Every structure is written in structure tokens, then in C-alpha cells.
Amino acid sequence: MIGCYDFCGHYEWTFEWLHQLGGHDLVKAYWDEAIHQDSQIHASSLIREKGIEGMKEYWGPTLADEGAVYERTVTDKVFRIDMHECPSKGFLLRNGLHQFSDYCDHCMGWIGPLMKEAGFVIDHEHNHRGQCWWEMRAISDPTPASAPGEFSGKHDVRHMPEWKSDSTDHYERATDSDDKTVLP
Amino acid sequence: MDTTSTPLPYSDTKPIGHADFYFATQATFRFIFERFGIEGLRNYWRDLGARYYRPVSLRWQEQGMAGIAQYWQAFFAAEPGAEVLVHDTADEVRLEVRTCPAIHHLREHGREIIPCFCQHCFFVSEAIGAPAGITVRIEGGNGRCVQRFLRADKTLAPQNLEDIATAS
Chain A
1 MIGCYDFCGH YEWTFEWLHQ LGGHDLVKAY WDEAIHQDSQ IHASSLIREK GIEGMKEYWG
61 PTLADEGAVY ERTVTDKVFR IDMHECPSKG FLLRNGLHQF SDYCDHCMGW IGPLMKEAGF
121 VIDHEHNHRG QCWWEMRAIS DPTPASAPGE FSGKHDVRHM PEWKSDSTDH YERATDSDDK
181 TVLP
Chain B
1 MDTTSTPLPY SDTKPIGHAD FYFATQATFR FIFERFGIEG LRNYWRDLGA RYYRPVSLRW
61 QEQGMAGIAQ YWQAFFAAEP GAEVLVHDTA DEVRLEVRTC PAIHHLREHG REIIPCFCQH
121 CFFVSEAIGA PAGITVRIEG GNGRCVQRFL RADKTLAPQN LEDIATAS
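Those sequence lines, one after another, are chains A and B.
For the first sequence, counting from 1, position 179 maps to 179 in this note's numbering; every step adds exactly one.
For the second sequence, counting from 1, position 29 maps to 29 in this note's numbering; every step adds exactly one.
Keep in mind that the hints were calculated from the coordinates and are not lab data.
There could be a bad hint or two in this list.
[Claimed, not checked] Where chain B lies over chain A, by a calculated footprint (3+ residues, C-beta under 8 Å):
(1) 90-102
(2) 156-167
[Stated by the list, open to error] Interface residues of chain A toward chain B, partial, derived using beta-carbon atoms under 10 Å:
(3) M1
(4) C8
(5) G9
(6) W17
(7) L18
(8) H19
(9) G22
(10) H24
(11) F151
(12) D179
(13) T181
(14) V182
(15) L183
(16) P184
Just so you know, these numbers come straight off a predicted model, no measurement behind them.
C-beta atoms are modelled at their ideal positions from N, C-alpha and C, and glycine is treated no differently.
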């Protein structure tokens with residue numbers, strides 16, 4: 001049987017298996033069709049129906065069950081997550097599992113299309129070491145991403161010493177995993 | 001990877017996995033099946049067993065039936081909602097799956113289950129066991145089954161896939 005205890009391991013392995021079979025487009029289709037439209041249909045319907053309230057309802061229990069260390073900062077206009085210890089990337093790092101070029105892309109790979117469908121855009125950055133931040137706003141809201149500390153204060157992951165890495169992947173008002181800028 | 005200190009090749013900070021990941025596992029099966037058919041899906045299961053689970057194969061090679069029994073005991077202890085008895089003799093390890101945690105969780109959440117879901121246990125375990133000279137025979141499925149891990153022997157009848165129940 002394939003279990004859920006080490007799910008992140010075989011999930012990451014699967015990205016590379018698909019990449020070797022059908023390249024980048026197949027991996028992107030997998031994140032959208034299998035994860036966003038099938039596995040995570042409960043998240044899709046909550047967020048489509050309730051917007052930011054739905055994000056609170058989905059990510060609250062899910063991140064707790066996964067064992068994430070994170071902070072959530074929410075208003076009626078923005079939903080922000082500061083991920084201090086990503087349970088999923090952390091599992092891979094601790095177990096020395098690395099098959100696919102950038103595991104962290106999978107989050108934007110399924111959350112991006114979901115947010116697009118629900119009428120939101122995403123500002124996001126990940127450092128490939130288990131830390132990231134996200135801000136979701138309605139597409140009609142032109143407010144740019146907050147500066148470090150401006151919105152989530154002391155909880156802003158960008159203040160943590162662990163945040164610094166060789167490079168981070170940066171997204172602005174994005175819903176597509178390819179729409180990233182690599183920052184040194 | 002040290003294959004002797006713990007029965008499981010990968011460890012997490014929490015003792016039990018997150019059951020919603022079963023949604024993604026079966027969505028993966030459905031995605032591959034719809035794109036590449038049943039043979040494509042079986043190839044995925046075989047590759048997963050032979051490559052991702054290579055540390056498990058090594059442990060089975062080194063420790064034989066005792067290692068197989070310890071692996072499954074630790075495996076099901078980390079799967080939420082699993083009710084499985086592991087019977088261990090010198091010649092065979094037999095899993096009596098009374099509640100399959102994946103089928104249980106998918107049903108509990110009203111998910112449509114891909115009919116060939118239970119076949120993954122055969123193809124993945126067969127690929128894990130092959131380098132260790134171990135083969136598996138499964139009877140039942142769709143929530144309850146018996147899985148027998150045996151030494152590969154040419155006189156043994158091959159797995160009849162019709163003995164593995166269609167999931168629903």
C-alpha cells in the first residue's frame with residue numbers, strides 16, 4: 001500500500017516521474033487537474049463560495065493536521081500566511097529526498113488556478129528551505145504586497161534568520177506557477 | 001539511508017499521517033489512468049515500488065520475513081484509521097486488512113473511488129519485493145483484504161487480478 005505518512009516523499013517523486021514522461025506541461029496539468037480539481041475539491045468549493053472566510057476554514061484545520069508552524073494574518077481584504085516551518089518541504093529536507101527541480105512550485109501549481117477561478121491573485125515568495133509567505137487579495141484590489149513586517153509584524157517570515165537562502169522564487173499578482181522571478 | 005535502525009525508511013515529526021493525503025494519492029491514480037490507461041498506471045506503480053521504495057526492498061533483502069513483518073507493523077501504525085493484523089511465520093507474512101485506511105477515508109468523505117484502486121497494493125508490493133525474492137498474493141479489497149508475502153517460487157500460481165476486488 002502507498003501510505004499517507006510519507007505522502008510528501010512519493011508526491012515529490014511523482015513530479016519527477018511525470019516530468020520524465022511528459023515534461024513541464026504534464027507536471028503543471030497534474031497540479032491543476034489532479035490536485036486542484038480532484039484531490040482538493042473541498043478547498044476549491046470553500047474558497048469559491050466564501051472567499052477569504054473559506055481560506056480560513058480550509059487552511060486552519062489543514063495546516064494544523066499537517067503539523068505546520070505558521071502564522072496567519074487576515075483582514076476582510078487580504079489573507080496572509082507566514083510559513084515558518086513547512087511540514088511538507090521539511091519532511092523532504094529531513095529525509096534527504098530530492099527528485100524534482102523545485103518541489104515548492106507545486107503549491108502555486110494548484111493554489112494558483114484555484115485562486116484564479118475564485119477571483120483572487122497571489123503575492124508569494126518561497127526560499128526552498130521550508131519558509132514562504134503568501135498574500136491573497138481580490139483581483140479587483142490593486143494593493144501591492146506588503147513590505148517586510150508591514151502586515152504581519154514580528155511574525156513576518158522575512159525577518160527570520162532562516163529566511164536567507166541562495167535564492168527565492170518571487171510571485172506578484174500571480175496565479176500561474178511559471179510567473180515567477182528568481183531573486184538572489 | 002540507514003535501513004536497519006527503523007522499520008520505515010522515512011520519518012516524520014508527527015506519529016501518524018494526514019488522512020486527506022489519500023485524496024491526492026487516488027487523484028494521482030485517476031490522472032495517470034485517464035492520460036495513459038491501465039498499463040500506464042501499472043508502470044507508475046511498478047516504478048514507485050522499485051525506485052521510491054528501494055530502501056524498503058533493501059531492508060526486506062537484509063532481514064527477510066522478520067523485516068517484512070516489522071515494516072508492515074510500523075507502516076500501518078502510522079496510517080490513520082488502519083485496522084490490520086500482521087501474522088508472521090518463517091515462510092510467510094500475512095496481512096489481514098480489516099479496515100483499509102485509504103478506502104475508509106475516501107468513502108467517509110464521499111469521494112468517488114477509482115475502480116482499480118486496490119490493484120496498487122499488488123503492483124507496488126510486487127516491485128518492492130522482487131529484488132528481495134519476495135512475491136505477494138492478494139485476495140479481497142474494497143476495504144478489507146488479505147495480503148500474503150511469500151518467497152518467490154516458480155511453482156506458485158501467479159496473482160489472479162480478478163481476486164482483487166473492484167473498489168467503489
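Each hint tested on the structure:
no.: 1; hint: 90-102; result: holds (count 6)
no.: 2; hint: 156-167; result: violated (count 0)
no.: 3; hint: M1; result: holds (5 Å)
no.: 4; hint: C8; result: holds (8 Å)
no.: 5; hint: G9; result: holds (5 Å)
no.: 6; hint: W17; result: holds (6 Å)
no.: 7; hint: L18; result: holds (8 Å)
no.: 8; hint: H19; result: violated (13 Å)
no.: 9; hint: G22; result: holds (8 Å)
no.: 10; hint: H24; result: violated (15 Å)
no.: 11; hint: F151; result: violated (28 Å)
no.: 12; hint: D179; result: violated (23 Å)
no.: 13; hint: T181; result: violated (28 Å)
no.: 14; hint: V182; result: violated (27 Å)
no.: 15; hint: L183; result: violated (29 Å)
no.: 16; hint: P184; result: violated (31 Å)
Of the numbered hints stated above, those contradicted by the structure are hints 2, 8, 10, 11, 12, 13, 14, 15, 16, listed in ascending order.
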